[in-house]
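Q: Spelled out, the chains give:
2 protein chains.
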Amino acid sequence: MTPKLQRFLAEAKDTEPFVVVDVDVVEQNYRELRRLLPLAKVYYAIKANPAPEILRRLRTLGSSFDTASANEIQQCMDQGVSTDRISFGNTIKKKRDIAWAFEQGVRLYAFDSLCELQKLAELAPGSQVFCRVLMECEGAEWPLSKKFGCAPRMAADLLVKARELGLDPYGISFHVGSQQTDLNQWDKAVAQVSQMFSVLQQADVDLRMVNLGGGFPARYRTDIPMLEAYAQAISDAMTKHFGNKIPEMIIEPGRGLVGDAGVIQAEVVLISEKDYDDDRRWVYLDIGKFSGLAETMDEAIKYRILTPRDGGPTGRVSLAGPSCDSADILYEKAEYQMPLALEVGDKIQILSTGAYTTTYSSVGFNGFPPLKSYCI
Amino acid sequence: MTPKLQRFLAEAKDTEPFVVVDVDVVEQNYRELRRLLPLAKVYYAIKANPAPEILRRLRTLGSSFDTASANEIQQCMDQGVSTDRISFGNTIKKKRDIAWAFEQGVRLYAFDSLCELQKLAELAPGSQVFCRVLMECEGAEWPLSKKFGCAPRMAADLLVKARELGLDPYGISFHVGSQQTDLNQWDKAVAQVSQMFSVLQQADVDLRMVNLGGGFPARYRTDIPMLEAYAQAISDAMTKHFGNKIPEMIIEPGRGLVGDAGVIQAEVVLISEKDYDDDRRWVYLDIGKFSGLAETMDEAIKYRILTPRDGGPTGRVSLAGPSCDSADILYEKAEYQMPLALEVGDKIQILSTGAYTTTYSSVGFNGFPPLKSYCI
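Residue numbers (full-length UniProt numbering), protein chains in the order written: chain Y, 1 to 376; chain R, 1 to 376.
Chain Y on its own, in the form it takes in the complex (with noise of 0.2 Å):
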């Protein structure tokens, strides 16, 4: 935690919880990102935090953006990006967002459809596409689904497609999962990305770019590679399956920018035990699953937090958020500790949750108000 937050914290007179994110912070991530990975582009994933002053600094370092929708599109131009930098990366569009992006200027474009394609060839004529594909990939804590993506062979034809259809088939893009922990991975879908490329230049398709998604790391409570490891184990993929001749590269850090940058400070409501003979406490805190703590969910994150009483003997709680819906539980089998002395109205802070915590927040249920937010 940087002085700078540490000062914020303690200054902080809020009764609600907050999020405070230090834009230093991301400025020295994606400073460190560049220099481990020069050749390639970055594109923040802004779904990860929209907060304008981090675009706003983003913006002035020369990133580019990933947007996943019209208003991400509308957020990143409200702070100065010209259209040039951004990439509409969300496969699902409706026509008319298409169709808007296009007249605001934006020439890159996700699919992994026919069905999309045809909608980008009539309402994004000419722009650079690139095609999602589907790779089966183990290790992530935020696991990937089917949900995007198509098999290889037939994002192959549908990249020829794309030619014949009047687009730019300029590239491929794969995930290997959000906060992937198994380096392994990398090398195995460059390996089946550079294969596809050698197919398309048969059928003569020059593709130009890899997008090689995010899954950079935050620090969690599980211990995960450094990206100095990250950038290595891309370079060596890259260099051992395109050798000298290595393509466009773009990565799309979103968690990996910013989730470390920032801090929730919140609030101890109740300590409680069930039964006599139960030594697990039950911690509940003013913060939960639906006030921004939404990537706990089924414990994939499990975030490390810090008390005022730390240093003591502890013992073993779940914990849970402050609604009525019993689902709003943040650990109950991930066996988290706290200290034994832990008391009602203790501030605790939730490190790394700069990143999707904000905007995953509920508009009010249960009357709890959405995530309060600040940048310093």
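Read the hints as simulated data drawn from the structure, not as lab findings.
Certain hints may be false.
A pair counts as met if it fits within one copy or between any two copies, since identical chains are not told apart.
Below are the DSBU-like pairs computed for lysine-lysine, each with C-alpha atoms no more than 30 Å apart in a straight line [stated by the list, open to error]:
#1 274 <-> 146
#2 95 <-> 347
#3 274 <-> 333
#4 94 <-> 274
#5 302 <-> 240
#6 161 <-> 95
#7 146 <-> 302
#8 240 <-> 161
#9 333 <-> 302
#10 274 <-> 240
#11 94 <-> 13
#12 146 <-> 333
#13 146 <-> 372
#14 161 <-> 4
#15 188 <-> 302
#16 347 <-> 188
#17 245 <-> 302
#18 161 <-> 302
Fit chain R to the supplied structure of chain Y, relying on the hints for placement.
A: Same frame as chain Y, now just chain R:
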């Protein structure tokens, strides 16, 4: 679907998804519940849907209100509900919220721990309190957990303690689980509660109230017993275990009052396949887990869906939301079928979505706006 709803949906010009609630259906549901359980006082669980029109209609009908937070109490008061008709039913309350509620005149509070009881004794002296008991219940579609309630023997001690602390030990609450399909659960639960009444009488504490919670169903894809059967199960259990000394009864329907009264209208954004030999289509809607359909978490609640192409041949589909989050899948395992003739741009209706949709939706994940809501 009522003619009023059908007319509204047919005439709607919205380009984004919305929910519309027929407040007359809420009224019918309320009257039906009153008719079937005349001895029970209805406290509407406003977390299910706090729309002002719903609160006003139920206030006029004589309903009381179960609230989860200071904001929900305020929302009731804003619609003219007097605080003697409000229960602060969350067992997890901040001290300042208890103090504020007491100041407003709220005199009925839930608790399930010594810690909460002490807060109530300090900040809501003399109030009626009821203890939530932890029941091991099976058969509910939306699972309960150990988050709420304590063991019956602990609850009994706490109710004795409540009197010592100057509070009024009013009764016991339990919850058999939302969308409960096994009616025997009511008998098991009421049996346990009646035993506690006897135990406490021996300690000279005269409990006067049983709070039976919610669990009243809406009509989703699974067949459920009719409301009559629920009411009968409850009446039978109360008579069997309390004889001719039936205590006051409180019920807290949320879903049971507003679930069936609402319909979501959404749009098909994309239909795609993942591979040539995979006959399962993926159908993407402009609404998902993060914009109103949070209860599809783990495919718990299975909504019925209408399309304009119903009647023709159908095929297997996975259903997903519009966001770039791979967790934003509605149904992948639940084996939904949709018409083969379904097309991008088709408007579909998701039934029984009046409860737990508007307030669950995120403030703007992926830039998608919160679910719009109409009451007619």
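Q: Run through the hints listed earlier and report the numbers of any the structure violates, in increasing order.
A: 5, 14, 16, 17 and 18
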